[in-house]
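As they're listed, the protein sequences go chains A and B. Numbering follows the working numbering, with no gaps: position 328 of the first sequence is 328. Numbering follows the working numbering, with no gaps: position 71 of the second sequence is 71.
Fair warning: there could be bad hints in the mix.
[Said to hold, decoys possible] Far from chain A by the CB rule (all over 12 Å, computed), these chain B residues:
{"id": "1", "residue": "Met1"}
{"id": "2", "residue": "Glu5"}
{"id": "3", "residue": "Arg8"}
{"id": "4", "residue": "Asn14"}
{"id": "5", "residue": "Leu15"}
{"id": "6", "residue": "Glu23"}
{"id": "7", "residue": "Met33"}
{"id": "8", "residue": "Asn37"}
{"id": "9", "residue": "Ala41"}
{"id": "10", "residue": "Lys43"}
{"id": "11", "residue": "Asn46"}
{"id": "12", "residue": "Glu57"}
{"id": "13", "residue": "Asp59"}
{"id": "14", "residue": "Ile63"}
{"id": "15", "residue": "Ser64"}
{"id": "16", "residue": "Lys79"}
[To be verified] Okay, the calculated bits of chain A under chain B, using three or more residues with CB under 8 Å as the criterion:
{"id": "17", "region": "201 to 208"}
{"id": "18", "region": "284 to 292"}
Since the hints were made in silico from the structure, they are not lab data. All residues carry an ideal CB built from backbone N, CA and C; glycine is no exception.
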Amino acid sequence: MDNVSQQKIIEEVKAFTDKEIRPYAAEFEANEAIPRELIDKMAERGYLAASFPQEYEGLGLDPVYYGLFTEEIGKACASTRGLLTVHTSLVGETLLRWGNKELKEKWILPMARGEKIGAFALTEPEVGTDAKSVKTSYRKEGNKYIVNGSKKWITFGDVADFFLTVTTGEKGITTFIIERQMQGVKTTPIKGLLASKAAHIAEIHFDNVEVPAENMVGREGSGFTYIVSTALDHGRYSIAWAGIAIAQEALDAMVTYSRKRTQFGKKIYQHQLIQGILGDCVTKLHAGRALCLRAGELRKINDKSAVIETTIAKYFTSKIAMEITTDAVQVHGGNGCYNKYPVERLFREAKILEIIEGTSQVQQEIISAYGLRAYYRPTKV
Amino acid sequence: MELKEKIRKFIESNLVVFEDEAEFSDSDNIFEMGFVNSLFAMKLVNYIEEDFGIVVENDDLEISNFNSVNRITEFIESKQPA
C-alpha cells in the first residue's frame, strides 16, 4: 500500500479516537473495562488487524505506519492500545509469522473481524522476567496435550477467546493455543491496578485442559527461542510506540496548560524554569520518535538489526514517557494530581511501560551486551 | 567465502561472550554453551532468510536445525536448490 493511503488511515484513526475513545478514557478506567462495543467498532474498521496483510482482511499497514497507528490509539487510551499490543501484535503477528496454514486459516480471519480476541499468556504468579522458568506444564497423552498451571497479569485475559499460552514439558518450552471454551479453563479479573485498569487484566487457571496437537504453535521445545521471542519483539515494538503516545499526549497537555495558566502575574511558560522543562521534554520526545521510526524502517526490510533497535526504542521511550509525564504533573502542580486532568492518568500509565514486555533492567542488559560487542575496538587503549 | 565460514563469522559477531572465552567447534551446540541469547535465534532467522533467500517455515523450528555451525550450514544447503 502506498504512503498516501496509509496516511489516510492514520487521519481516520485520529478522527475515530477523538470521537470514540479519548472523551471516554477516564470513564473506561472508572468502569475498569473498555466496552465490547468499542472493540466491535474497531473491528468493523479493520483496526484489530491494522498490521495484518490485506489477504487476511487487515489494513496492511507497514511497520512504520502501524507504529503511527498505535500511537494514535495510545494517546487516547492506554488500555485500548493494550488490545492492539496483545491481540494484533503479540498474538496476531506471531501467528502470521510462525503459525502453520491450518492455524492461520482457523484464527487470523476471526481475529481480524473481532470474532475471536487473542491474549498472550506468559507470566505467572511466580514467574515474570525469568520467562524461561514458567511452571505451567504440558504432557503428551496420545494425540493431545494436557496443560496445568496458572498465568497472571494477562492483558485482555478476562475477555479473550483464546490464549497463546507458554508451557513447559518434556522437550522444553512449548506454546499452544488454548481456547476459553475448553474444559478446565477459568479466568479471574485482577482489580486494584495502578494503571491499565480497563485492559481486562486477569489470572488464568488451567486445570487438566486437553489441548489438541494441532493447537501447538511452532515445534515442541522451540517455544521460547522462536515463538516467545517473536511475540515479545512485536510487543516491544508496540510498547515503544506506546511510550511515544503517552509522552506526546503529556507534552501536548503540559504545553497547553503552561500557556493558559497564570501565576505571579504571567503565564507559567514565561518562567524560565518551566521553559527548561519544556525544552527537555520536546528534545526527549523527538529523540524517542526518531528511534521508533528507525526501528520501523528496519522492520520493514526485515533487517537483522531490527530486533536490537526495537529493544533500544522500547527502553528509551518507556523511560522518557515516565520522565515527561512526571514533568507534566509537575507543570500542572496540584491539578496534575487530580483525575480531572489527563496527565494524572498518563503518569500512572507510563510506569507500566517500564515493566511490561521486559523490564527496563532487562532491556539494559540486552543493550549492554550488544554494545560491548559492537563498540569494542581491540586496537585502542 | 565458504558457507561454513560465513555462518561462523555471523555467529562470532553475535556472541554474548567475548572472543578469548569463546572457542567453539563447528559441531558445538552454541545455545547449550550459553554463547548466544534468544534474540540471536530471531536474528539468525532474519539472516538466513535475507542473505540466502530462504523461507524458514513453522516446521523448520527445531532448535537442532540452528544450534551449531554444521547444523545451520546443513539447513541452508537443504533449502537451496541443488
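Outcome of the hint check:
{"no.": "1", "hint": "Met1", "in the structure": "17 Å, holds"}
{"no.": "2", "hint": "Glu5", "in the structure": "18 Å, holds"}
{"no.": "3", "hint": "Arg8", "in the structure": "15 Å, holds"}
{"no.": "4", "hint": "Asn14", "in the structure": "8 Å, violated"}
{"no.": "5", "hint": "Leu15", "in the structure": "7 Å, violated"}
{"no.": "6", "hint": "Glu23", "in the structure": "16 Å, holds"}
{"no.": "7", "hint": "Met33", "in the structure": "15 Å, holds"}
{"no.": "8", "hint": "Asn37", "in the structure": "7 Å, violated"}
{"no.": "9", "hint": "Ala41", "in the structure": "4 Å, violated"}
{"no.": "10", "hint": "Lys43", "in the structure": "5 Å, violated"}
{"no.": "11", "hint": "Asn46", "in the structure": "5 Å, violated"}
{"no.": "12", "hint": "Glu57", "in the structure": "8 Å, violated"}
{"no.": "13", "hint": "Asp59", "in the structure": "7 Å, violated"}
{"no.": "14", "hint": "Ile63", "in the structure": "6 Å, violated"}
{"no.": "15", "hint": "Ser64", "in the structure": "9 Å, violated"}
{"no.": "16", "hint": "Lys79", "in the structure": "16 Å, holds"}
{"no.": "17", "hint": "201 to 208", "in the structure": "violated (count 0)"}
{"no.": "18", "hint": "284 to 292", "in the structure": "violated (count 0)"}
When each numbered hint is compared with the structure, violations occur for hints 4, 5, 8, 9, 10, 11, 12, 13, 14, 15, 17, 18.
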